[in-house]
Amino acid sequence: MHTVVLLKMVPDVVEELEVAADGRSLDTEFLRLILNERDNHALELALLLKERHGGKVTAVAFDAPEVDEVLFAALAKGADRAVKVTGAEPGLSTRTAAYSLALVLPTVDGLLPADFILAGCQAIDDLDGMMAPLLAQEMKLPYLGLVSSVTLDSADRKATVQKEYAGGVHGEFEVRLPAVLGIQAAEKPPRYVPVAKVRAAMKSQTIEVAPVPTLANGGEAAFHVLSMAKLEAAGHAEILEGTPEEIASKIAEVLVARGVL
Amino acid sequence: MAGNLWVVAENWRGKVSDVTFELLALGRELADGLGVSLEAVLLCHQEKEFTRDLGAADTVLFLDHPSLAEPTAESYGAALAQLIQERKPQGVLVPLSNVSWDWVGVLPAMLGAPYLNFCKDVRVVDGKIEACCLLYGGKMEARVASASPAILGILPGARPAANGRIQKQASVEEVKVEFEKTPEVTFKQYIEPEQGGVDITQQPVLVSVGRGIGSQDNLAIAEALAAALSGAVSGSRPVIDQGWLPLSRQVGKSGATVKPKLYLAVGISGAPEHVEGMKNSELIIAINTDPQAPIFQVAHYGIVGDAMDTLSALTEELQKASARKGA
Numbered sequence: 160m161h162t163v164v165l166l167k168m169v170p171d172v173v174e175e176l177e178v179a180a181d182g183r184s185l186d187t188e189f190l191r192l193i194l195n196e197r198d199n200h201a202l203e204l205a206l207l208l209k210e211r212h213g214g215k216v217t218a219v220a221f222d223a224p225e226v227d228e229v230l231f232a233a234l235a236k237g238a239d240r241a242v243k244v245t246g247a248e249p250g251l252s253t254r255t256a257a258y259s260l261a262l263v264l265p266t267v268d269g270l271l272p273a274d275f276i277l278a279g280c281q282a283i284d285d286l287d288g289m290m291a292p293l294l295a296q297e298m299k300l301p302y303l304g305l306v307s308s309v310t311l312d313s314a315d316r317k318a319t320v321q322k323e324y325a326g327g328v329h330g331e332f333e334v335r336l337p338a339v340l341g342i343q344a345a346e347k348p349p350r351y352v353p354v355a356k357v358r359a360a361m362k363s364q365t366i367e368v369a370p371v372p373t374l375a376n377g378g379e380a381a382f383h384v385l386s387m388a389k390l391e392a393a394g395h396a397e398i399l400e401g402t403p404e405e406i407a408s409k410i411a412e413v414l415v416a417r418g419v420l
Numbered sequence: 261m262a263g264n265l266w267v268v269a270e271n272w273r274g275k276v277s278d279v280t281f282e283l284l285a286l287g288r289e290l291a292d293g294l295g296v297s298l299e300a301v302l303l304c305h306q307e308k309e310f311t312r313d314l315g316a317a318d319t320v321l322f323l324d325h326p327s328l329a330e331p332t333a334e335s336y337g338a339a340l341a342q343l344i345q346e347r348k349p350q351g352v353l354v355p356l357s358n359v360s361w362d363w364v365g366v367l368p369a370m371l372g373a374p375y376l377n378f379c380k381d382v383r384v385v386d387g388k389i390e391a392c393c394l395l396y397g398g399k400m401e402a403r404v405a406s407a408s409p410a411i412l413g414i415l416p417g418a419r420p421a422a423n424g425r426i427q428k429q430a431s432v433e434e435v436k437v438e439f440e441k442t443p444e445v446t447f448k449q450y451i452e453p454e455q456g457g458v459d460i461t462q463q464p465v466l467v468s469v470g471r472g473i474g475s476q477d478n479l480a481i482a483e484a485l486a487a488a489l490s491g492a493v494s495g496s497r498p499v500i501d502q503g504w505l506p507l508s509r510q511v512g513k514s515g516a517t518v519k520p521k522l523y524l525a526v527g528i529s530g531a532p533e534h535v536e537g538m539k540n541s542e543l544i545i546a547i548n549t550d551p552q553a554p555i556f557q558v559a560h561y562g563i564v565g566d567a568m569d570t571l572s573a574l575t576e577e578l579q580k581a582s583a584r585k586g587a
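The listed protein sequences derive, respectively, from chains R and W. Quick note, in our numbering, the first sequence goes up one by one and the last residue is 420. Quick note, in our numbering, the second sequence goes up one by one and the last residue is 587.
For the record, the hints were derived by calculation from the structure and aren't laboratory data. One or more of the hints may lead you astray.
[Unchecked claim] The calculated DSS-like cross-link candidates involving lysine-lysine, where the alpha carbons are at most 27 Å apart (straight line), are:
(1) R:Lys-215 with R:Lys-243
(2) W:Lys-521 with R:Lys-409
(3) R:Lys-347 with W:Lys-448
(4) W:Lys-539 with R:Lys-389
(5) W:Lys-441 with R:Lys-317
(6) W:Lys-441 with W:Lys-348
(7) R:Lys-209 with W:Lys-448
(8) R:Lys-409 with W:Lys-519
(9) W:Lys-436 with W:Lys-308
(10) R:Lys-356 with R:Lys-215
(11) R:Lys-299 with R:Lys-215
(12) R:Lys-299 with W:Lys-441
(13) R:Lys-215 with R:Lys-362
(14) R:Lys-347 with R:Lys-215
(15) W:Lys-580 with R:Lys-409
(16) W:Lys-448 with W:Lys-436
(17) R:Lys-299 with W:Lys-436
(18) R:Lys-409 with W:Lys-585
(19) R:Lys-299 with W:Lys-348
(20) R:Lys-409 with W:Lys-539
(21) W:Lys-519 with W:Lys-275
(22) W:Lys-348 with W:Lys-308
(23) R:Lys-209 with R:Lys-299
(24) W:Lys-539 with W:Lys-275
(25) R:Lys-209 with R:Lys-243
(26) R:Lys-299 with W:Lys-448
(27) W:Lys-448 with W:Lys-308
(28) R:Lys-389 with W:Lys-388
(29) R:Lys-243 with R:Lys-299
(30) R:Lys-215 with R:Lys-317
(31) R:Lys-362 with R:Lys-209
(32) R:Lys-209 with R:Lys-317
(33) W:Lys-580 with W:Lys-521
(34) W:Lys-380 with W:Lys-275
(35) W:Lys-348 with W:Lys-388
(36) W:Lys-380 with R:Lys-389
(37) R:Lys-347 with R:Lys-317
(38) W:Lys-448 with R:Lys-317
(39) W:Lys-308 with W:Lys-441
(40) R:Lys-299 with R:Lys-317
For reference, chain W alone in the conformation it holds in the complex (with noise of 0.2 Å):
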């Protein structure tokens, strides 16, 4: 008999992640098509309750240990590919995040089964698993068939959170869980952002500038338009990297998820690691050289060309109407 099909569930400091809903809804989906049981599983340290959470599934697999409190590659890798390895499911939804991150990158080397990385889509045809996975920054996108067990690593988005919220307790089978091991990798801390400065969760409007717009020197362009729109000034990693604006002020998996009226995307190729920061914002105008840059898949409006000309019209732009209303 085909395995059932699997959601491994992420929570993280005292809850259940949105990725994780996601990921029940997309399983949901392919288990329907499958015909087979959606089962969740659930690793956690004294967290019963979030069972509750997981009522999109059919059953949860709940298994309790010290050793889970926090989701390391060595404690969550081991527990998972001994489970995958005695129940054998079809295929294991995995949240491609920061937080998942370490023991979805050794799961598959552990277990010896195919991975399938970056999907942000996964469909069921003839019977049979098919992922579609963006490769390339996003640029590309590659249909994938994979042999049983698929892991398969999701990016976050692949379906609205709210349709995997199900108010329904699906049943609870408690698996029991030993490590041999003595951890070569230890938790200590968490260390929080520094606070003060610039919130960029809360500013309507997000002047948000990549590689693209060249020089460090180009910023006061985007800080100048930002505030003629009494917005901040946000970037993406390459701008973090190179020290042009602070962590606090990055979007994207590893900094904020921001969803302002307008966000202004300056020279940001939109890799899917920066659009899973904000691709819900209300309005979204991207301007880049690259026509193919897939930061124009999730744009409203798009401008091919050079930022900097279109930022000093529309800063000059926006004081010529504002002096307008003044006067």
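Chain R with its partners taken away, still in its complex shape (with noise of 0.2 Å):
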């Protein structure tokens, strides 16, 4: 069995995001990139399905800053190839994204066919598509999004899979294999994988290049970014300062005067 997943760089959010000059576009001078959340999780259902049926894990994910020490570190958490694809525009839309991997997907020795493509269910700039359904859609093949757990029936080439609704509900569908998956969570936290691990794989372990063939520019949209503005901050919200005992009499007094208390 073999699975491919897709690891995609964003923005950490915890820090400090800026508009650049432009008006439009996010400042990438200081900004830091981490692994989407998302695509961590489906990382991780990726390692759950193999340690169960065996089988190979290639992570696949587009140049970025820090994108080599996120492939790194799937290789140390055990998955047996690193691909980077090479070639294409920074900023790239997640529309245009999905374009280009359906291209080069195919140009990789050995990658397709792969039994399931996993991604994170959404990525927090996903402005104009989610890629796990657009990949599905260009690839032809069946999809099934805010996925959280997996069970293989392999002679039977079908999953059973299950998803999530709202309010606690999940559904469970059968999906044909080869199958896209948005992974909402994997059955279990994220591996952690010690530093000394990833620098052990970055000496022996290699990242295989895959340039974008063609940039077409075929899933590419027509909208219109017209501004960008930062949130105001506490735009809402009235503060409370000072020392935590003041906040806290402050906060016991709102709660009077609310009626909680």
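Assemble the dimeric complex from its two separately framed chains, guided by the hints.
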């Protein structure tokens, strides 16, 4: 069994974000990029599938700052191959990224057919679509999103897949393989890998490089960002200040006034 | 002639979802602004009675087929893509909910049409549709114009649902639908959440914790405060993902929608998926180290700083007050 997992670098929103001078995009100068949280769950699910059923896992990511570290970490966690897609424009839209991946994945030796292609169900910068469904459609593969567990029935080339609805309700589906799944959460928290193991992977393993074959703009849809703005800091809330004790007493006053206490 | 404005209705497990009425309320504003008709699209199997709920629309396009009993990407996506190609609406409002998630994801690619995600609002500016999209976990908003037909993924809460519940029978047009392919994704069953334990939707007070509490050990501090307030502890997605709290305690898109008298958000940044589950709480107090955290957009009171110190101080304050009362 072979699982391809797509990893995407996104801005770390714990950091302060700024608008670029053009007024329409994110200032990337001091931007710290991290692995999209949902993609980390997709990687975990891929590794769990490998542990249960054997086979291999290939991690694929577009070139971006810090991406080598993320790909080596994937190898250190148990992925068998890591592929970096190069030559794409920076700041690629999700739509164009899906289109480009549909072109590049078949060009990588031994990558396809994969039984599963996994990606996080969404990313915080998905302005024009979500990767998993867009790629599924480009590759003419079945798709299910918001997935939280996968059970393989390899003899029948099918999988039983659970996805999340609202209020803690899950839905169970049977999916023909190969399939693309958008992952909400793995069955376990993503595993931790010590820095020493990542360093060891950097010494002993390599990241393969796959250039985007053409930079055709086939997936780009016609939309135009007119402006981008930071939401006003604490725009709505009345801010309480002071020592923890002073704040506690102010909160207690509010709770009494509002009839909570 | 410019096309009409569409709202795709969401019905799930025997009822029309609230988000449908929110979209109808928004759709009515946009259709009036554009001077076109508002059409609701209802996809279902043998649930024609739902057309009666969609009175905010001028017309309901009604599609009935066994394959439309569950909202899968294949069936809903294919049916909508075909209908949009035939009728050419200029804008299609679709709900960005977990129920509709899969078909919303594939529809733009099936159609080859532009799609805008995370729309918190849509307006008509100079006769054209313009969306306001929440990006980067709700920290930035982008104003975006789109070519037609624009498929717009609308976040829950864009308008009050009550504004879209109109007691009027819209005219109903039955639309024939056929599917060529055998489905590759087959619905099997719904799995209900495990019963038992605390029902967070019934609690008067929720002390809700997020990634910002730092470690599982700090849960005890939140538990102590919740006990002092006669409430319970709930959490946002990252805390559930880490296994610090069970799924039954999750507030937000996949979890519960809550409306307690007090919602104390501790170390929760306030991503749109979380906010949709708690924004209607009567009193919201948020504590976060990041002054830019979107949670402060919905909170009534905010504290910028370390949560744990404040929680401990508050617990002590409440215990003192209760001792004074008792004395």
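Hints, one by one, checked against the model:
1. Annotation: proposed proximity of Lys-215 (chain R) to Lys-243 (chain R) holds, straight-line Cα distance about 17 Å (limit 27 Å).
2. Among the hinted pairs, Lys-521 (chain W) with Lys-409 (chain R) is consistent with the structure: their alpha-carbon atoms are about 17 Å apart, no more than 27 Å.
3. Distance check on the hinted pair: Lys-347 (chain R) and Lys-448 (chain W) sit about 24 Å apart at the alpha-carbon level, within 27 Å; holds.
4. The suggested pairing of Lys-539 (chain W) with Lys-389 (chain R) holds, with an alpha-carbon distance near 20 Å, which does not exceed 27 Å.
5. Distance restraint check for Lys-441 (chain W) and Lys-317 (chain R): the Cα-Cα separation of roughly 17 Å lies within the 27 Å cut-off, and the hinted pair is therefore satisfied.
6. For the suggested pair Lys-441 (chain W) and Lys-348 (chain W), the alpha carbons sit about 24 Å apart, so the restraint of at most 27 Å is met.
7. Between Lys-209 (chain R) and Lys-448 (chain W), the direct Cα distance comes to roughly 25 Å. Compliance with the 27 Å bound is thereby established for this hinted pair.
8. For the hint linking Lys-409 (chain R) to Lys-519 (chain W), the alpha-carbon distance of about 23 Å falls within 27 Å, and the restraint holds.
9. Restraint check: the Cα-Cα separation between Lys-436 (chain W) and Lys-308 (chain W) comes to about 14 Å, which is no more than 27 Å; the hinted pair holds.
10. Taking the CA atoms of Lys-356 (chain R) and Lys-215 (chain R), the gap is near 19 Å; set against the 27 Å cutoff, the hint holds.
11. Between the alpha carbons of Lys-299 (chain R) and Lys-215 (chain R) the distance comes to roughly 23 Å, so the proposed pair stays at or under 27 Å and holds.
12. Between Lys-299 (chain R) and Lys-441 (chain W) the CA atoms are separated by roughly 12 Å; this keeps the pair inside 27 Å, and the hint holds.
13. With a CA separation close to 21 Å, the supplied pair Lys-215 (chain R) and Lys-362 (chain R) stays within the 27 Å bound.
14. Taking the CA atoms of Lys-347 (chain R) and Lys-215 (chain R), the gap is near 19 Å; set against the 27 Å cutoff, the hint holds.
15. Proximity of Lys-580 (chain W) to Lys-409 (chain R) is assessed by CA-CA distance (about 14 Å); at most 27 Å being required, the pair is judged to hold.
16. For the hint pairing Lys-448 (chain W) with Lys-436 (chain W), the CA-to-CA distance comes to about 26 Å; that is within 27 Å, so the pair holds.
17. The suggested pairing of Lys-299 (chain R) with Lys-436 (chain W) holds, with an alpha-carbon distance near 25 Å, which does not exceed 27 Å.
18. Between Lys-409 (chain R) and Lys-585 (chain W) the CA atoms are separated by roughly 18 Å; this keeps the pair inside 27 Å, and the hint holds.
19. Among the hinted pairs, Lys-299 (chain R) with Lys-348 (chain W) is consistent with the structure: their alpha-carbon atoms are about 24 Å apart, no more than 27 Å.
20. Using a Cα cut-off of 27 Å, the hinted pair Lys-409 (chain R) and Lys-539 (chain W) holds, with the two alpha carbons roughly 22 Å apart.
21. Simply put, Lys-519 (chain W) and Lys-275 (chain W) have alpha-carbon atoms about 21 Å apart, close enough for the 27 Å limit, and the pair holds.
22. Restraint check for Lys-348 (chain W) and Lys-308 (chain W): the C-alpha separation of about 24 Å stays at or below 27 Å, so the hint holds.
23. Distance check on the hinted pair: Lys-209 (chain R) and Lys-299 (chain R) sit about 24 Å apart at the alpha-carbon level, within 27 Å; holds.
24. A hinted pair counts as satisfied when its Cα atoms are at most 27 Å apart, and Lys-539 (chain W) with Lys-275 (chain W) qualifies at roughly 23 Å.
25. Under the criterion of a C-alpha separation no larger than 27 Å, the hint pairing Lys-209 (chain R) with Lys-243 (chain R) is consistent with the structure, at around 21 Å.
26. Straight-line distance between C-alpha atoms of Lys-299 (chain R) and Lys-448 (chain W) comes to about 22 Å, which keeps the hinted pair within the 27 Å bound.
27. Between Lys-448 (chain W) and Lys-308 (chain W) the CA atoms are separated by roughly 23 Å; this keeps the pair inside 27 Å, and the hint holds.
28. Under the criterion of a C-alpha separation no larger than 27 Å, the hint pairing Lys-389 (chain R) with Lys-388 (chain W) is consistent with the structure, at around 24 Å.
29. A distance of roughly 23 Å separates the Cα atoms of Lys-243 (chain R) and Lys-299 (chain R); the hinted pair therefore holds under the 27 Å criterion.
30. Between Lys-215 (chain R) and Lys-317 (chain R) the alpha-carbon distance is near 18 Å, which keeps this suggested pair within the 27 Å criterion.
31. At most 27 Å may separate the alpha-carbon atoms for a hinted pair to count; Lys-362 (chain R) and Lys-209 (chain R) meet this at roughly 24 Å.
32. Only pairs whose Cα atoms come within 27 Å are accepted, and Lys-209 (chain R) paired with Lys-317 (chain R) is accepted, the gap being roughly 16 Å.
33. With a CA separation close to 22 Å, the supplied pair Lys-580 (chain W) and Lys-521 (chain W) stays within the 27 Å bound.
34. Pair hint Lys-380 (chain W) plus Lys-275 (chain W) holds up; C-alpha atoms about 24 Å apart against a cutoff of 27 Å.
35. Note on Lys-348 (chain W) and Lys-388 (chain W): the hinted pairing holds, with a Cα-Cα distance of about 16 Å set against a maximum of 27 Å.
36. Restraint check for Lys-380 (chain W) and Lys-389 (chain R): the C-alpha separation of about 15 Å stays at or below 27 Å, so the hint holds.
37. Straight-line distance between C-alpha atoms of Lys-347 (chain R) and Lys-317 (chain R) comes to about 22 Å, which keeps the hinted pair within the 27 Å bound.
38. With a CA separation close to 13 Å, the supplied pair Lys-448 (chain W) and Lys-317 (chain R) stays within the 27 Å bound.
39. A distance of roughly 25 Å separates the Cα atoms of Lys-308 (chain W) and Lys-441 (chain W); the hinted pair therefore holds under the 27 Å criterion.
40. About 16 Å separates the Cα atoms of Lys-299 (chain R) and Lys-317 (chain R), which keeps this hinted pair within 27 Å; it holds.
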